[in-house]
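Asker: Sequence:
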Amino acid sequence: MENTTCCHSSCSIEAVVSIDERGQLVLPKDLREKYGVRAGDKFVVVSIENNSSLCCIAFIKSEQLNNIVMGQIAPVITTLNK
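According to my numbering, the stretch in the sequence shown is residues 1 to 82, in order.
Keep in mind that the hints were calculated from the coordinates and are not lab data.
By construction, the Cβ of each residue, glycine as well, lies at the ideal position given by its N, Cα and C atoms.
As a list, the in silico DSBU-like pairs of lysine-lysine whose alpha-carbon atoms are at most 30 Å apart:
| id | residue 1 | residue 2 |
| --- | --- | --- |
| 1 | K34 | K61 |
| 2 | K29 | K61 |
| 3 | K61 | K42 |
| 4 | K29 | K42 |
Label pairs and their calculated CB-CB ranges:
| id | residue 1 | residue 2 | range |
| --- | --- | --- | --- |
| 5 | E49 | L27 | 20 to 30 Å |
| 6 | C11 | G71 | 19 to 29 Å |
| 7 | D41 | Q72 | 20 to 30 Å |
Start from the sequences, fold in the hints, and give me the full structure.
Answerer: This is the structure:
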């Protein structure tokens, strides 16, 4: 599928997926390979609502979220320890 910009230069539509009857979705193989996603990888699921209705679901690799949180907290801890 051709990438189509949706809102920001770093945001693009990569694929269209469906949810099966068990509530599972399959990330296409080409995307798994492109981004190095492997079986067992952990993701944080972030939902965004608009007028009490689901708008978007984002998946963030859990280790990336840890890095983001630590990047925000580490300077505070350093300041408090002075």
